[in-house]
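Chains A and B are the protein sequences, given in the same order. Start counting the first sequence at 1; every next residue gets the next number (the numbering used here). Start counting the second sequence at 408; every next residue gets the next number (the numbering used here).
Errors might be hidden in some of the hints.
[Said to hold, decoys possible] From the derived model, a few chain A residues whose C-beta atoms are all more than 10 angstroms from chain B:
#, residue
1, A56
2, E65
3, T303
4, M319
[As the list claims (entries may be wrong)] So the derived label-pair ranges between C-beta atoms look like this:
#, chain 1, residue 1, chain 2, residue 2, range
5, B, E424, A, Q60, 52 to 62 angstroms
6, A, F232, B, A534, 44 to 54 angstroms
7, A, A119, B, D522, 50 to 60 angstroms
Calculated from the structure, these hints are not laboratory results. Positions of the beta carbon are idealized from the N, C-alpha and C atoms, including for glycine.
Number of protein chains: 2
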Amino acid sequence: MSLIVQKYGGTSVGSVERINAVAARVHAWQAQGHRVVVVVSAMSGETDRLIGLAKAIQVQPEPRELDVLLSTGEQVTIALLSMALANLGCPARSYTGGQVRILTDSAHNKARIRDIDGARIMADLDAGRAVVVAGFQGVDENGNITTLGRGGSDTSAVAIAAALKADECQIYTDVDGVYTTDPRIEPKARKLERITFEEMLEMASLGSKVLQIRSVEFAGKYKVPLRVLSSFGEGQGTLISFEEEVVEEAKIAGIAFNRDEAKLTILGVPDQPGVAYKILGPISDANIEVDMIIQNVAADSATTDFTFTVNRTDYPRAMEILKQSAADLSARQVLGDDAMVKISLVGVGMRSHAGIASKMFETLAKEGINIRMISTSEIKISVVVDAKYLELGVRALHEAFGLSEAA
Amino acid sequence: MSLIVQKYGGTSVGSVERINAVAARVHAWQAQGHRVVVVVSAMSGETDRLIGLAKAIQVQPEPRELDVLLSTGEQVTIALLSMALANLGCPARSYTGGQVRILTDSAHNKARIRDIDGARIMADLDAGRAVVVAGFQGVDENGNITTLGRGGSDTSAVAIAAALKADECQIYTDVDGVYTTDPRIEPKARKLERITFEEMLEMASLGSKVLQIRSVEFAGKYKVPLRVLSSFGEGQGTLISFEEEVVEEAKIAGIAFNRDEAKLTILGVPDQPGVAYKILGPISDANIEVDMIIQNVAADSATTDFTFTVNRTDYPRAMEILKQSAADLSARQVLGDDAMVKISLVGVGMRSHAGIASKMFETLAKEGINIRMISTSEIKISVVVDAKYLELGVRALHEAFGLSEAA
Chain A
1 MSLIVQKYGG TSVGSVERIN AVAARVHAWQ AQGHRVVVVV SAMSGETDRL IGLAKAIQVQ
61 PEPRELDVLL STGEQVTIAL LSMALANLGC PARSYTGGQV RILTDSAHNK ARIRDIDGAR
121 IMADLDAGRA VVVAGFQGVD ENGNITTLGR GGSDTSAVAI AAALKADECQ IYTDVDGVYT
181 TDPRIEPKAR KLERITFEEM LEMASLGSKV LQIRSVEFAG KYKVPLRVLS SFGEGQGTLI
241 SFEEEVVEEA KIAGIAFNRD EAKLTILGVP DQPGVAYKIL GPISDANIEV DMIIQNVAAD
301 SATTDFTFTV NRTDYPRAME ILKQSAADLS ARQVLGDDAM VKISLVGVGM RSHAGIASKM
361 FETLAKEGIN IRMISTSEIK ISVVVDAKYL ELGVRALHEA FGLSEAA
Chain B
408 MSLIVQKYGG TSVGSVERIN AVAARVHAWQ AQGHRVVVVV SAMSGETDRL IGLAKAIQVQ
468 PEPRELDVLL STGEQVTIAL LSMALANLGC PARSYTGGQV RILTDSAHNK ARIRDIDGAR
528 IMADLDAGRA VVVAGFQGVD ENGNITTLGR GGSDTSAVAI AAALKADECQ IYTDVDGVYT
588 TDPRIEPKAR KLERITFEEM LEMASLGSKV LQIRSVEFAG KYKVPLRVLS SFGEGQGTLI
648 SFEEEVVEEA KIAGIAFNRD EAKLTILGVP DQPGVAYKIL GPISDANIEV DMIIQNVAAD
708 SATTDFTFTV NRTDYPRAME ILKQSAADLS ARQVLGDDAM VKISLVGVGM RSHAGIASKM
768 FETLAKEGIN IRMISTSEIK ISVVVDAKYL ELGVRALHEA FGLSEAA
């Protein structure tokens, strides 16, 4: 008998029928002798409806009151799911974030969890009840309602699992696990049975949207075994584990990619201290996030060339700002291209296996794909290439590293 | 400078536009130097929408979870109204029932308020903020969310006014006050500037739907001055006061009526102890509420006749039960009529003014209206007449007692 925390997102509880289906699933786990805590999001569409009401009144809604408003979304779901469970003869009790008490800081709309009191939940579990908790929300120390920001329900589930020392935190989504790459790009993509926490962190930050990166960080910090699985089908999903030895054999866990890269280059900047700040400072002041940064010494060696990437939607403004900086710095030229993509290999196996980078570059070269930028970390290699090569590059790498075969 | 508690019902906050209008009204009171606490209901239609969701899952929703669900309705309104107030430059803060803390018993769906902690509200008022509180809800001593049952927002407002020792509790509705009778029946009906608490209680229990009877009882118990006024127009509304002397001059405050009466009579029942119970016990066991009861000694004096009224919708079942009782009691005959109405004169002036009953009977007789039943209390006289005489009777009495003229 184990203690399981399950999290169901907005799509999984998007209608009365789906709530009943979730109840049946929870009941089945209980019937197998497990103790189950369920964390739920608002029904899909509800949060947007509430935000619409708020914005009809205030262009920039009061942060404190927005949290009072939005937290009702999850509160509706916990009540309905508890009723659905009772209907199946499975006694259940619902709790809002404040009732649990999930204590957060006071940063409305983007609060961080500080502490969770597990006593009330444990008492219900001991009494044989399922416990249904509203995700995404908490209270600060003055009892004000707070929310964790979008996607925060994953974080709630992981934090509750950590507080209860749960055996596993199961995140139910509309996909049935983490794949070696996006199956829409490479039909041969294989579902991973396991992936390490570090790999999952890289995959999440590199564009794989299965899990919120914050919840993965949280799970890592508190050593909570996480499992991603489908709320619509059966199957074991993917376990995000901390046991590196088991997966060491697989050199590469998967291929992540980001479609929306834009590259900007400023050529012939005087090679002086502080020049990076002079170029990137104004970009950052405009709230534009910079992803990869590369600096080369130019041919004449008194100047330097500077290249960075931003999200494609930020490209026009970033270019405008960069042209201004180029004038201020007397740079030679500004170049840009907004049709770029980033492809990344991720795997803890890289640490102990040499030659992965060269094999990657060789594979891409064979397909005639020109690499525009390279960036590496301990467990990933990212390359920026022309957008038109995305599918070709992903498939070639997937094949070259044997990712379709079971590990 | 006074402390005012205002309550706005679902229709008054039924849309973004109406919430903005309520904010403007609250702001105007604040601008005049008053301290304002606002109690609101769910936006009209929202409670029904939520009940619909619950019933789609469970025919008889779990009472505890139904309260978790329904309480979100008012929570949405408090957030939106606080935003609307902030938008007008009027700092405001919202509180759920649990946040205030409005402590109730644990009777879910029909909880009773036990205690209200006014400290948090007073601190906000002292800081110059308007305070917006969710009506209809509270928490029990274990922190479970409770609701007071439909119409409970009036009770919340009165209870908060009592706890804060407010100078006045203003109930904003879609009518502009309490009238001498329903203006749809008698266009000359006059709005009362004042009515006593006892008269209001009688009016409410006799079918005048302006205020929930429970909130009037509460106001009476805690001596809270209540005012009923329109949330759409201007005007002073009607004050429900405790100063009887002021209104002593008016013999009659108003005429209430109930359209849905049905009369049942059992003739020739043996006149023995316990016979009333034998007749009414089975009716009450069937959850049928009995309104007026009259017992006469019959002509032969060894038997008695027994007449009572029920709501028209309960008539068929009540008749069925009564026929069974008649057989058991060997009664002579059972009679019934489901097209009856009750007309009531209400006024504390009756206590000191004789002849009101005879004037009432005379007035009805002049119009050829036959009185079928009579019942009196210290401050009201009710008669049951054929349904077709409702309008004629109300207008004749309104005229005879000079109710169109200002008191």
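Hint-by-hint comparison with the structure:
Its beta-carbon lying about 5 angstroms from the closest one in chain B, A/A56 breaks the requirement of being farther than 10 angstroms from that chain. Residue placement check: A/E65 does not keep its beta carbon more than 10 angstroms from all beta carbons of chain B (closest about 4 angstroms). With a least beta-carbon separation of about 53 angstroms from chain B, A/T303 lies farther than 10 angstroms from that chain, consistent with its non-interface assignment. With a least CB separation of 37 angstroms from chain B, A/M319 remains clear of the 10 angstroms interface cut-off, as annotated.
Evaluation of the 52 to 62 angstroms hint for B/E424 and A/Q60 yields a failure: the beta carbon distance comes to about 20 angstroms. Look at A/F232 against B/A534: about 50 angstroms separates their beta carbons, and that is inside 44 to 54 angstroms. A hinted range of 50 to 60 angstroms for the beta carbons of A/A119 and B/D522 is inconsistent with their spacing of about 24 angstroms.
This entry does not satisfy hints 1, 2, 5 and 7, going by the numbered hints stated previously.
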